[in-house]
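J.: Single-letter residue listing:
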Amino acid sequence: MIRTPAIVRSGILLLALLSTLPARAPAAETPVRGGELEFIVPASGFPSMDAHREETYAVIHPLRPFYSLLIKVDPKNPSDPTAFVGDVAESWSKSSDGLTYTFKLRKGVKFHDGTPLTSRDVKASFDKIIFPPAGVVSDRKAMFFMVKAVDAPDPSTVVFRLRFATEAFMPALANPYNWIYEADILARDIHWYETHVMGSGPFKFKEYVAGSHVSGVRNPDYFMPGLPYLDGFRAIFIKQEAPQLAAIRGGRAMVNFRAFPPKAVEELKTAMGDKLAVQESAWNCGLYLAPNHKVKPFDDPRVRRALSLALDRWEGSKALSKVAIVKTVGGLVFPGSPLAAPQAELQTIAGFGTDIQAARTEARRLLREAGVPDGFSFKLHNRAVEQPYKAVGIWVIDQWRQIGLNVEHWVEPTAPFFATLRNGNFQVTMDFNCQAVVNPVLDISKFLSNDRSASNYAQYQDRVVDGLYDEIVHETDQGKLKTRLRQFEKRVLDEQAHYLMTLWWNRIVPYNARLHGWKISPSHYLNQDLANVWLSPE
Amino acid sequence: MRRYLVKRFLLMFPTLLGVAVFVFVLIRLLPGDVVQLRMAGEGGFVSEEAMQQERERLGLDRPIWRQFADWMSGLARLDLGVSMWTGRPVTYEIGIRFQLSLQIAIMATIIAIALALPLGTIAALYQDRWPDYAVRVFSIAGLAMPSFWLGILILLGFLIAFHWTPPMVYVPFWVDPWRNLSQLVWPALATGYRYSAVATRMTRSAVLEVLREDYIRTARAKGIRRKLILTRHALKNAMLPVVTVIGLEFAFLIGGLVVTEQVFNLNGLGKLFVDAVTQYDYTLVQGLVLLVAFVFILSNFAVDLLYAWLDPRIRYR
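As you go down the protein sequences, you meet chains A and B in turn.
Counting in the working numbering, the first sequence runs from 1 upward without gaps.
Counting in the working numbering, the second sequence runs from 1001 upward without gaps.
Just chain B, same shape as in the assembly (with noise of 0.2 Å):
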């Protein structure tokens, strides 16, 4: 097992290298010039010079190789440079953003367990019968309605109802917990819901296929108690491909909330993506595609693990 620890964490870096190389190529094919955008973007009188001049101080006039060259050397020293739009290291960038973006996805993900489980069990358990077609509609309608789409309703009721609407800045938990959840809760929940919903049908089809097999049939006969037999043996055996939903989505939810952060205006780590893409900020999307690449590399390696738990036959070489 410690083998395989290692061997998977060693495989991270060639990943995390194939990924770098990828998305500093692919953001320098796009045409446009940061410099020419702040410095000139609302119409102002800058002279060529003083724009060349920004140009030389950013980098962005020497050769391709060697601008890849300085930022390889700089990620071998957890480096990740500073952001061509602010001026300020991406890290730091990124650091006050991620915050915030990672108390939604676990927002969300509370939420979507807490909903899919139980609900996905309990169709399972009524297969074809009314609660089984309530849950069913449940799930389906979550599937069908975007989170931001969910989220703008949720605002809108708010206002119509109550001319009321979240607090529109961050403060953290521990600062002030009712502010902090009265501003998250809402876009936890738009997202946990369609998050909720991947997972209830997940659940119930893995309930499924486990309740058939022949040990349940065998605990049936035995005289186990229906509880019994899914708390104890159905339930670990179905939740290894619902663990694998999961860990999925809340990799996704870490960046990947792009409008419902701007529908919520969240200062999250989707805004901050949109922003340093029409920026042209390269070095700030670089540095954000390496910390996603990193969320999933960690979040299969996690699933892993917890596959490892749930299912003592599975051991890692």
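The shape of chain A in the complex, shown without the other chains (with noise of 0.2 Å):
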């Protein structure tokens, strides 16, 4: 027998060694530091950089950088509705009956003047946001219904008091927009952060041209060690959509952090080919049509049924999604979200089954039973924006013209486009609703009855509908919860087809591929603090 040399048994064994140690993550999933990141923000500009009164992405994308939340959705995992992280909250506990909400805050923490942030600043952000003082505005107050009062009972602890349990608490405290400010700052002067930025986030500010752009450096003294990667960033206002692809194209900006249509994710996929990485999720809003239920025959709840029969919503998602940001067929509730109705469960709502001749030979009874005649004309009224309001209305028109209706479409600016929702001067127009964090108790409010829901563009009351919602917003048993989503859909949707869902949105983001960390989520308000986001080197 032939002995193998002590050598080569050594090499061996080594090599055994060596093929148990795990592989080491290739390179381009190592964080690497430095860069700076320049990105599109697809928008004019902002109106104000105080996000409380703000609503605009246009405030979020350029200015959230520089700002912390107390919590807020885990980055790591946007797309998960129900998984939030503390941001300068460390840990947090909610007392057995549901009232009271105890949040410690992380040691250390300072503003980018020094200033140590305690309870007593998130206090104050959330005192202006929930409780705001006279001359002040918060487009979220209505957010915050269920909140009695909040406590700063030590400078590490803030207490949240509820007037009653409720889930819609969680996601509205994780609203990308809730800002922790200085307390000192707002006592000084409440409108201070209309025009100044003074934050505690991974970056700070450097400079701010109106109309052009935004940039920030790195803060060295951010709370989360090790964050951010980036030694700065340049938000570049690009409102139209030809420059924003030449811009990344030719490299000046590497992302677009809203949306691109398909179209022009092709035209840059073509352009850049392995150069660009893609990303795509459901978005949550909802494109609806609203019938104006005080224009006849559009009362009629069996109209209004046989104008969503007519709809084939899931051929429309495959044609759509090629052609416009629109994607998902869904009801009420985010698709994407724990509460939203399975397919099965959707099916089974007028206009959601999968045999669109039956439904459509429906349609054409009801409104026969109705009094509509055939060929029936009235206006569809709609924005004029190109994605996705103007590509599915084109496509609605052509759904309802398959039931004998002929349908005009009457396209209007955006601001005389609201002036029409608001004085109620149409027959049936598109409507939408884009929300931030995935919250379906609060993102249904919408559809409460018009003199309980500011956004109700439809003029209808509806008393069931209401008393659905309050039984919705007093529930936490997630059983329970969705069995009353799933009524209160029935309702508005089927029974009195007091709004038309058509389709949800669908986001998808194209992007240098040098630029890591960013995960898309189900909102362009969400994951925008750039703490995680790195470039590898060119």
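Calculated from the structure, these hints are not laboratory results.
Treat the hints with care, as some may be off.
Here are the in silico distance ranges between beta carbons for each label pair [said to hold, decoys possible]:
| no. | chain 1 | residue 1 | chain 2 | residue 2 | range |
| --- | --- | --- | --- | --- | --- |
| 1 | A | Pro338 | B | Ile1064 | 46 to 54 Å |
| 2 | B | Arg1136 | A | Glu315 | 55 to 63 Å |
| 3 | B | Val1185 | A | His196 | 30 to 38 Å |
| 4 | A | Pro155 | B | Ile1064 | 47 to 55 Å |
Covered by chain B, per the in silico footprint, the following chain A stretches (three or more residues, Cβ under 8 Å) [stated by the list, open to error]:
| no. | stretch |
| --- | --- |
| 5 | 246-260 |
| 6 | 412-419 |
Where a beta carbon is used, it is the ideal one built from N, C-alpha and C, also for glycine.
Two chains, each in its own frame: build the complex with the hints.
T.: Printed below as a string of structure tokens:
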């Protein structure tokens, strides 16, 4: 027998040992410190710098990196609408009756001017949001209707006391607009933040040129060790799509964090090849049709149901998703939420079945019964924005044509569009609902009677809907909550067809493949603090 | 002449007042509400109470005559008010964009003059020969081609050939001349080409007309060299209508390059105009219209002064 030389035996042993070691992650996955991220904000600018009073993403994208929240969606898993992590909050607990939430703050958090961030600052910020003093506008005050008081019993503890237990509170708290401001500054001048920046976020404010750009530099004292990775960022305002695409293709910007329509994504893919990466997600924005209940024949639920039955949502999704930023078929609750209707249940709602011929036959029958003649004409009021309003509007008109209706597309620019919605001077209108953190309990409040919901443009009052909502708001048992939500959807979309659902939006974000660490979420308002973003070398 | 200058200066005010009244009324005739747009334009949950509060803060709940009176009294103090969208002074919003728009206007004018004067003159001198045809083709192409479309072609050309686009953020010339010019020379070229087309045709026809005058024939008969006839006698007389055209076009460039600014993503007055109108920012629209009216008046005034310098026979009383 030939003996294997010792050196060979050692080599084999060494190889065996090495093979048991974990493989090194590819270099591209290891965060690299440094670099400046240039990205596009698809807007001309923002109205003010105070997120508490604004609702546009044009505030979030360029300014969110300067601020911290109390809690936020998990940046590692922003698609999960129930996963929250602490930002300045280190931990929290809820009382057994669900009426008291206690948050413990991290130690050593500072504002960019060196002032320590304490519970007093958190309380002052939320008091401004929830209980704004006279002369102060709070865009999200209505979200916190359940909060009775905010207390700061010691510098590292914040307590929220609720009027009643509800599932709507935590998602409202994680809203990306709930920036933590300095209490002393608010006390001095409560309007200061409308034109200035002072936060505790991963980046410090450097420059703002109205209509042009916002830039920031790394906060070396950021409370999350090792973050942020970037040296800085520059958010460039580019409103039109063509120069946005040119900027990404020409290397002047890495990404537009909002979204691009499918055709633009294809154009970038063709031009940039493997230098482009793409992420896609269902979007927490729904596109609806609101028949005006005060205008005949749309005051008749049979007519409204007929309009809904005519829409082939399943086939429409396949076709429209190729040309527009819409895709998912869903009810009133965001399809990605655990509280959303499963497909089998969804298909029991009028207009969501898969047998479109049967649905359209039923639609024609309902129209005849309601006395609507064949060839009946009316106008679909819509917003003069291509994506997705006009694209879906054209599709809807074609769907209604197939049940014998002649519909004219009446398109208005945004400001007169809203004026028309408010004065109710339309027959059927396109409407939408875009929210940040997925919060089904709050998100469906739009569909309450118009004396309770300022954004119910269909001009109806339905106390059954209101009653169901009041139960939903107070319900904490997940099983019962789902049941109530299904009843609510059935009432709004089917029995009364107060609103007609078209499709949920679809978010596609192409970006330069050098950009890492950012994960897409169901909302363009979320996960924008850039703390985890890094750039691989060129 | 001094009397003329004072009279022109004083006439500016009733003109601007007329423009102010006109734009005040016109913008308020449009349906829409800046508050609704700003606070609920993306579907936010905002109460009517909050929106009403904001309307009161902006003075939109006051009677129209009161809003007008407030604005007029502000104008008398040279205070254009604050932007209803951003809350910043209108003068600030305009000021940060005026520099870029002015630079493009100047650059485009220089390009236009540099092209129009020689080309128009050559076309006139060689009328109905190939240089004339070439110049006419060049100028008609410039007239037919929208400047924003030419801008798109320039951008696409750079992208496809060099994978390059001009910088997207404006930097003043004195801070970084190279970056400034690498951003602005392309929109200036796109705009200047069209601008030059108008001026070239005007120069050609003006020079042709002058070259037919008796004094030019006399100069030729006296044996004066052609170049001297052209520079000393013809051009100066031909410049009057050309100066008018250039003056009017220059004024238009301030705030008029709406689409070109969108194409190149320039933070100029044209883009500000569009944003102000779509946002129903009454005060900003009013301020911008007044500015443009003022620029037109000033430009006409400068043209008139230039007339007097070019043609000593012209005297204003």
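J.: Go ahead and decide if the range 46 to 54 Å is satisfied by the Cβ distance of Pro338(A) to Ile1064(B).
T.: 52 Å, holds
J.: In this structure, is the beta-carbon distance linking Arg1136(B) and Glu315(A) contained in 55 to 63 Å?
T.: 56 Å, holds
J.: Taking 30 to 38 Å as the hint, is the beta-carbon distance of Val1185(B) and His196(A) inside that range?
T.: Because 36 Å falls inside the window, the suggested range holds.
J.: The stretch 246-260 of chain A covered by chain B? Criterion: 3 or more residues, Cβ-Cβ distance below 8 Å.
T.: holds (count 7)
J.: Starting from the range 47 to 55 Å, see whether the pair Pro155(A) and Ile1064(B) falls in it by beta-carbon distance.
T.: For Ile1064(B) against Pro155(A), whose Cβ atoms are near 52 Å apart, the range 47 to 55 Å holds.
J.: With a cut-off of 8 Å between beta carbons, are at least three residues of the stretch 412-419 of chain A near chain B?
T.: Coverage by chain B holds for the stretch 412-419 of chain A (6 residues, Cβ < 8 Å).
In summary, this structure violates none of the numbered hints.
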